[in-house]
Amino acid sequence: MAKFRPGTLRVLTANDLLTGDVVFLTDQGTWSRILDEARLAGTQEEAAKLDALAANAQVEALTVAAYTIDVERGAEGRLRPLRTRELIRISGPLTRLPLKTGRRKSDPEPEHTAAIGVLMPPRGNGDDHVSL
Amino acid sequence: MYRYDQFDQKIVAERSGQFRAQVARRLSGALTEDEFKPLRLMNGLYLQLHAYMLRVAIPYGTLSSRQMRKLAHIADKYDRGFGHFTTRQNLQFNWPKLKDVPDILDELAEVEMHAIQTSGNCIRNVTADHYAGVATAEIEDPRPTAELLRQWSTFHPEFTYLPRKFKIAVTGADDDRAAIMVHDIGLKIIRNDRGEVGYRVILGGGLGRTPFVGRIVRDFLPKAELLPYIEAIMRVYNTHGRRDNKYKARIKILVHETGLEDLRAEIEAEFARNDIAAIAADADEVARIEAYFAAPSYETLPQLSKSFEIAKANNEALGRWAETNLADHKIPGYSIVNISIKPVGGVPGDVTSAQMIALADLAERYSLSELRITHRQNVVLPYVRKNDLEALWQGLVGAGLATDNIGLVTDIIACPGMDYCALATARSIPVAQKISTTFADPALQRDIGPLDIKISGCINACGHHHVGHIGILGLEKRGEEYYQITLGGDATETAAIGEITGPGFSEDEVADAVSRIIDTYLETRNSGESFIEAYRRMGPSPFKEALYAPH
Numbered sequence: 017m018a019k020f021r022p023g024t025l026r027v028l029t030a031n032d033l034l035t036g037d038v039v040f041l042t043d044q045g046t047w048s049r050i051l052d053e054a055r056l057a058g059t060q061e062e063a064a065k066l067d068a069l070a071a072n073a074q075v076e077a078l079t080v081a082a083y084t085i086d087v088e089r090g091a092e093g094r095l096r097p098l099r100t101r102e103l104i105r106i107s108g109p110l111t112r113l114p115l116k117t118g119r120r121k122s123d124p125e126p127e128h129t130a131a132i133g134v135l136m137p138p139r140g141n142g143d144d145h146v147s148l
Numbered sequence: 416m417y418r419y420d421q422f423d424q425k426i427v428a429e430r431s432g433q434f435r436a437q438v439a440r441r442l443s444g445a446l447t448e449d450e451f452k453p454l455r456l457m458n459g460l461y462l463q464l465h466a467y468m469l470r471v472a473i474p475y476g477t478l479s480s481r482q483m484r485k486l487a488h489i490a491d492k493y494d495r496g497f498g499h500f501t502t503r504q505n506l507q508f509n510w511p512k513l514k515d516v517p518d519i520l521d522e523l524a525e526v527e528m529h530a531i532q533t534s535g536n537c538i539r540n541v542t543a544d545h546y547a548g549v550a551t552a553e554i555e556d557p558r559p560t561a562e563l564l565r566q567w568s569t570f571h572p573e574f575t576y577l578p579r580k581f582k583i584a585v586t587g588a589d590d591d592r593a594a595i596m597v598h599d600i601g602l603k604i605i606r607n608d609r610g611e612v613g614y615r616v617i618l619g620g621g622l623g624r625t626p627f628v629g630r631i632v633r634d635f636l637p638k639a640e641l642l643p644y645i646e647a648i649m650r651v652y653n654t655h656g657r658r659d660n661k662y663k664a665r666i667k668i669l670v671h672e673t674g675l676e677d678l679r680a681e682i683e684a685e686f687a688r689n690d691i692a693a694i695a696a697d698a699d700e701v702a703r704i705e706a707y708f709a710a711p712s713y714e715t716l717p718q719l720s721k722s723f724e725i726a727k728a729n730n731e732a733l734g735r736w737a738e739t740n741l742a743d744h745k746i747p748g749y750s751i752v753n754i755s756i757k758p759v760g761g762v763p764g765d766v767t768s769a770q771m772i773a774l775a776d777l778a779e780r781y782s783l784s785e786l787r788i789t790h791r792q793n794v795v796l797p798y799v800r801k802n803d804l805e806a807l808w809q810g811l812v813g814a815g816l817a818t819d820n821i822g823l824v825t826d827i828i829a830c831p832g833m834d835y836c837a838l839a840t841a842r843s844i845p846v847a848q849k850i851s852t853t854f855a856d857p858a859l860q861r862d863i864g865p866l867d868i869k870i871s872g873c874i875n876a877c878g879h880h881h882v883g884h885i886g887i888l889g890l891e892k893r894g895e896e897y898y899q900i901t902l903g904g905d906a907t908e909t910a911a912i913g914e915i916t917g918p919g920f921s922e923d924e925v926a927d928a929v930s931r932i933i934d935t936y937l938e939t940r941n942s943g944e945s946f947i948e949a950y951r952r953m954g955p956s957p958f959k960e961a962l963y964a965p966h
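Which chain is which? The protein sequence lines are A and B, in order.
In terms of the numbering used here, the first sequence opens at residue 17 and continues consecutively.
In terms of the numbering used here, the second sequence opens at residue 416 and continues consecutively.
Because the hints were derived from the structure by calculation, they are not lab data.
Just to be clear, a hint being listed does not mean it is correct.
[As the list claims (entries may be wrong)] Straight-line distance between alpha carbons at most 30 Å, and here's what the computed DSSO-like set of lysine-lysine pairs gives: (1) B:Lys959 x A:Lys65; (2) B:Lys492 x B:Lys452; (3) B:Lys959 x A:Lys19; (4) B:Lys727 x A:Lys65; (5) A:Lys19 x B:Lys663; (6) B:Lys492 x B:Lys663; (7) B:Lys452 x B:Lys580; (8) A:Lys19 x B:Lys580; (9) B:Lys452 x A:Lys19; (10) B:Lys727 x B:Lys663.
[What the hints assert, rightly or not] Listing some non-contacts, in silico: residues in chain B with all C-beta distances to chain A over 12 Å: (11) Val438; (12) Arg441; (13) Pro572; (14) Leu636; (15) Asp659.
Even glycine gets a Cβ: it sits at the ideal position worked out from N, Cα and C.
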């Protein structure tokens, strides 16, 4: 587990098994393509729970290569990763793609939220220690 | 070019069917990711930063127009309309969906293609000189050897789980365009004093975090003994190659730690134990393979094309392109045409589906429907009549493929870097773009002359930075990208590993640093002296001075 630094936030990210899209675990236990919808861990204890989830079998059933990353809240209140690598991973290649759109018609728009599967009950149901 | 027989077609079709079943089992939960990952990798399917990536094998870089059209179709139907030519003569799609990959493999199989041996600890796709069969001063076409090795190595049960991946390159010419000195095994087709054709076998070259130039392990290997000897090498490597540390698992480390003489003795002993006759390729099979690579029916033409000479004289852009992008062909009246996939400010090696179709069209019209992919991430049309060069060039202009920079400062090799790759520690593409934009002026490029800039986004060195005249390695320090520069590398027959100049540079600084290196060369070169010649004469000092002395 990466060392948790107080003042930062941690989220669980992965790639969607079917599409490979970058996704984030939400408070509802679903996966979203939008970082701002991610479940946030702001304490060592919460971060440890997210880290533990990365190796969870139910996570693996829907996603590939789950791991946690540290993020911060930017000036406009939106989340952004601390590392350039993760910024690129979320935004797509920083270089211009060869086509005008760089996107298939069938692909979702970047801001589209897609719940690709319910992983766990929403938080706030009285059990923050959800056994998966 | 080679065409599949029933056996080839059967194994590729079966493999595709197996992967379809494996994907279904992964999606159903019957396979965990840990179980599935090696299976998908054995079919060329990686996970990158944003998506899966499918690496399609282009054996020894030879491709038909029909196959190129299929790649364009796949790019449009299953991906985002483009692909990326790699430094191992393959093509990568950056955005395939897992659910689509079995269909993609089926489509590839329709045109005798696959993604086998593009990943995993096996003998990888064998690469070869991209001028194979048409180069001047070539002893023999290296592609029959590469194809024989492909057939022998594909699904070889003994060599499917090697200590690490294993790369073989072959050339039949003195001018090494296949970088054989920095492969696990490099094969050079030679003729001995008795006039017999065989191989010089180079062992233990490689790049990555511990670069080595390969060394001669067998000065002359009779052609008929190729497979038994390679099998002996593989068996010794499989037995003694380290499996405890992936960073020390390549054969170059075994050569280094064991010593060439001891390892050679062990290989020769293993070779002597082999049943050579049983392992050696059947002469009829070799003849069958060679027949596919027989020279086409060339026309009898004058060496010079009057019409092309007149066209060049009247068109400066055509003249510039001819100067850099054409190579001598072994047959009078023909040219080897290099098509640069390095537009100024563009992404090295990226081609759109429209460009793939244009390449296929032009190959059909002007190059007997055959193309080659180079390890320098460019494309070659091997059979172009000089009388057709102007028309071909017009077609390339229309497709945005007429960049006239082969071998010059803007013909930069770059891996996908951190814009795509999960292993990368820094971006490669924007550095290549900045440098190529800085040196966009065609006159300046020609004044600088031959110069290889090679950029890798991590120590794994897919961008071959160690063997760039100027090598650039992207790293990460405290969350920031920075770039280490090496000088004096060389991927050819005079192979050398570049020397690190000193502390690295930020992304903002690195293009300027390259400019200072090139300015130093321009100021200090002797008449007619290339960059690498000047570096060898002067050593690193004046370049370090330019990079690090306070100004």
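Holds or violated: Lys492 (chain B) to Lys452 (chain B), with C-alpha atoms at most 30 Å apart: holds, 25 Å
Chain A versus Pro572 (chain B) - minimum CB to CB distance exceeding 12 Å, so not interface: holds, 29 Å
Restraint check for Lys452 (chain B) with Lys580 (chain B), where alpha carbons must lie at most 30 Å apart: holds, 16 Å
Hinted pair Lys959 (chain B) and Lys65 (chain A), Cα distance within 30 Å: Violated. Lys959 (chain B) to Lys65 (chain A) sits at ~50 Å, over the 30 Å cutoff.
Hinted pair Lys492 (chain B) and Lys663 (chain B), Cα distance within 30 Å: Violated, at roughly 41 Å.
Pairwise hint evaluation, Lys663 (chain B) against Lys19 (chain A), where the allowed Cα distance is 30 Å at most: Within the cut-off at roughly 29 Å; holds.
Holds or violated: Lys727 (chain B) to Lys663 (chain B), with C-alpha atoms at most 30 Å apart: violated, 53 Å
Distance rule for Asp659 (chain B), whose beta carbon must clear each one in chain A by more than 12 Å: About 24 Å separates Asp659 (chain B) from the closest Cβ of chain A, which puts it past 12 Å; holds.
Pair hint outcome, Lys452 (chain B) versus Lys19 (chain A) [Cα-Cα no greater than 30 Å]: Given that 30 Å is the threshold and the Cα spacing comes to 28 Å, the pair holds.
Assertion that Leu636 (chain B) lies outside the chain A interface [Cβ separation over 12 Å]: The claim holds: Leu636 (chain B) sits with its nearest Cβ about 43 Å from chain A, beyond 12 Å.
Cβ separation check - Val438 (chain B) to all of chain A, threshold 12 Å: violated, 10 Å
Holds or violated: Lys727 (chain B) to Lys65 (chain A), with C-alpha atoms at most 30 Å apart: Judged against 30 Å, a Cα distance of about 69 Å means the pair is violated.
Checked against the numbered hints above, the structure violates hints 1, 3, 4, 6, 8, 10, 11 and 12; every other hint is satisfied.
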